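Student: Which chain is which? The protein sequence lines are A and B, in order. For reference, each letter of the first sequence is one residue, going 1 to 258 in the numbering used here. For reference, each letter of the second sequence is one residue, going 259 to 473 in the numbering used here.
Treat the hints with care, as some may be off.
As the list claims (entries may be wrong) - Label-pair restraints from in silico Cβ distances: (1) B:L395 x A:S59: 54 to 62 Å; (2) B:A405 x A:R123: 31 to 39 Å; (3) A:G42 x B:V399: 47 to 55 Å; (4) B:L395 x A:Q246: 45 to 53 Å.
Claimed, not checked - Taking beta-carbon pairs under 7 Å as the criterion, some of the chain B residues facing chain A (in silico): (5) D341; (6) G374; (7) S376; (8) A378; (9) A381; (10) I382; (11) G383; (12) I393; (13) P396; (14) V399.
What the hints assert, rightly or not - Far from chain B, by Cβ distances over 12 Å, these chain A residues were calculated: (15) S60; (16) L184; (17) A213.
It is worth saying that the hints were derived from the structure and are not from the lab. In this text the structure is predicted, and so the values were computed from the model without any measurement. Think of the CB as a built atom: it goes at the ideal place given N, C-alpha and C, for glycine as much as any other residue.
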Amino acid sequence: MVQASSVEIAKVNKFYGPFHALKDIDLSIAPGKVTCLIGPSGSGKSTLLRCINFLEEYSSGEIRIDGQLIGYKTPGGAKMSGRDLRTMRRSIGMVFQQFNLWPHMTALENVAEGLRRVRGLSRTEAEARAAEALRKVGLGDRMANHPSRLSGGQQQRVAIARAIAMEPKLMLFDEPTSALDPELVGEVLNVMKALAAEGMTMVVVTHEMGFAAHVADRVAFMEKGELVAVDAPARILHQPEDPRIQAFLRTYHERNLF
Amino acid sequence: MFSVATFIDSFGPLLYAARYTLLISGLGIALGLVIGALICAARLSPFPALRRFAAVWVSFLRGVPLLVQLLLVYYLLPVIGIDVPAMVAAVVTVGICASAYVSEIWRGAIAALPRGQSEAAVAIGMSPGDIWTRIILPQAVSLSLPALVNELILLVKASSLVSVVGIMEITRASQAQAATTYRPLEVYIAAACIYLAINLCLAAVGRVLEHRMAV
């Protein structure tokens, strides 16, 4: 079992100039739980996710990881130093829609890079741990490949290995399967399921309603920068009360009919 | 009548002069790469004064012909009491001029990298120094190779301009040769052959490098 973090989001607002991207978001995520963020595009799901590791700065409110405020020294105060922020980010893994693997490195080097530069491990030790992480995502036989020689699903699994090799206590997934061909989605979701089963705290922005229904502990629905509802997956996906959720699910089901 | 003998005899003095062409363009690009890197860093720095300095540097050096820059330096240095050999003045001028183009080539290569490349590194907690040296620069350098080889080839040709400050490189040597043999056509064809040979070699080396460093 992994050591898992909690996330507390309180009254978070985010502005891009005059555009109000996140409106008074409150969300708390208990250690070891999987939370899926769903909603129409442009609703602020990815922005909220990126605020959790401060890739995106939030304008007001508080985001705390295991009780520790991220990004600012005090709520509404001065920004945290780069060094302190890096220390906090070490225990937060992130997986991106476009994988963002480094094309000039092999799969093994991609995974070992953070272990060497951030954790300060020797090359031998970093590569041993990287190999272990790659085996865990089923890519033990692809370690010497450059990303351009891997399928999308394999690239995304390398990206997950890169994150878990750092032994994070919290994993953020930003639409991890949206850039994949449909037949490659399953292999990535399986790795994520295994991670959830180990007790990792996970926040997942996704359009995979099946994953949300079967793996998530809670589903949060967002629209136009607002967190409309957070509840058990069945209550959001099967008996939604809010008309906005009903409308979203209706378009989703229509799209998947054939 | 085309004089084959004059054509062949021209190669001796012109190949001797080619060492200056190679020296000026080689040292010029080396200096251009170093200064270009500094200018590019200034252009991308968080300090407005440095950014403005870099922008003016690039605009001036790209906006004034190299020939005029060479003449300016040639006549300016004695006025301000600096006495350096013409060769040194030429290399420095060519290098500084090249730095403007090199810095733009690098700026373009860095800007061409997807944002996600550095974001992935930021997300695992890498320091800005490591992100530059491990993620951004290795990719930017290989992306910029074709443009840098192009720039080097342009410099080899532009080095003919330093003939105006009296350096016996290929072009100046051909002029001298043409004047003594009264056979300009043969001499300049020989000069063209030498320039072409140098640049074809550079292009070939560039292709090998590109292939090796392909991302």
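Student: Taking the hints in turn, state whether each one holds.
Tutor: Now the hints, each set against the structure:
Against the hinted window of 54 to 62 Å, the Cβ-Cβ separation of B:L395 and A:S59 comes to about 33 Å, which falls outside the hint. The supplied range of 31 to 39 Å is met by B:A405 and A:R123, whose beta-carbon atoms lie about 33 Å from each other. Range check, A:G42 to B:V399: about 37 Å between beta-carbon atoms, so the 47 to 55 Å window is missed. Roughly 51 Å separates the CB atoms of B:L395 and A:Q246, a value that falls within the hinted 45 to 53 Å.
A distance limit of 7 Å between C-beta atoms decides the matter here; for B:D341 the minimum to chain A is near 47 Å, and the interface restraint is violated. The interface hint given for B:G374 holds, since its Cβ lies 4 Å from the closest Cβ of chain A, which is under the 7 Å cut-off. At its closest, the beta carbon of B:S376 sits 9 Å from a beta carbon of chain A; the interface hint therefore is violated under the 7 Å criterion. With 7 Å as the threshold, the beta carbon of B:A378 comes within range of chain A, its nearest partner Cβ sitting at about 4 Å, so the hint holds.
A hinted interface residue such as B:A381 counts as satisfied when its beta carbon comes closer than 7 Å to some beta carbon of chain A; here the least separation is about 4 Å, so the hint holds. A distance limit of 7 Å between C-beta atoms decides the matter here; for B:I382 the minimum to chain A is near 4 Å, and the interface restraint holds. For B:G383, the interface hint holds, the least distance from its beta-carbon to any beta-carbon of chain A being 4 Å, beneath 7 Å. Using the Cβ-Cβ criterion of 7 Å, the hint placing B:I393 at the interface with chain A is satisfied: the shortest such distance is roughly 6 Å.
Nearest Cβ of chain A to the Cβ of B:P396: about 5 Å, under the 7 Å cut. The hint holds. Against a cut-off of 7 Å between C-beta atoms, the interface hint on B:V399 is violated, since the closest Cβ of chain A lies about 10 Å away. Chain B leaves A:S60 outside its interface by the beta-carbon criterion, the shortest separation being 23 Å against a cut-off of 12 Å. Taking the minimum C-beta to C-beta distance to chain B, about 19 Å, the non-interface status of A:L184 holds against the 12 Å cut.
The beta carbon of A:A213 is kept farther than 12 Å from every beta carbon of chain B, the shortest such distance being approximately 28 Å.
Checked against the numbered hints above, the structure violates hints 1, 3, 5, 7, 14; every other hint is satisfied.
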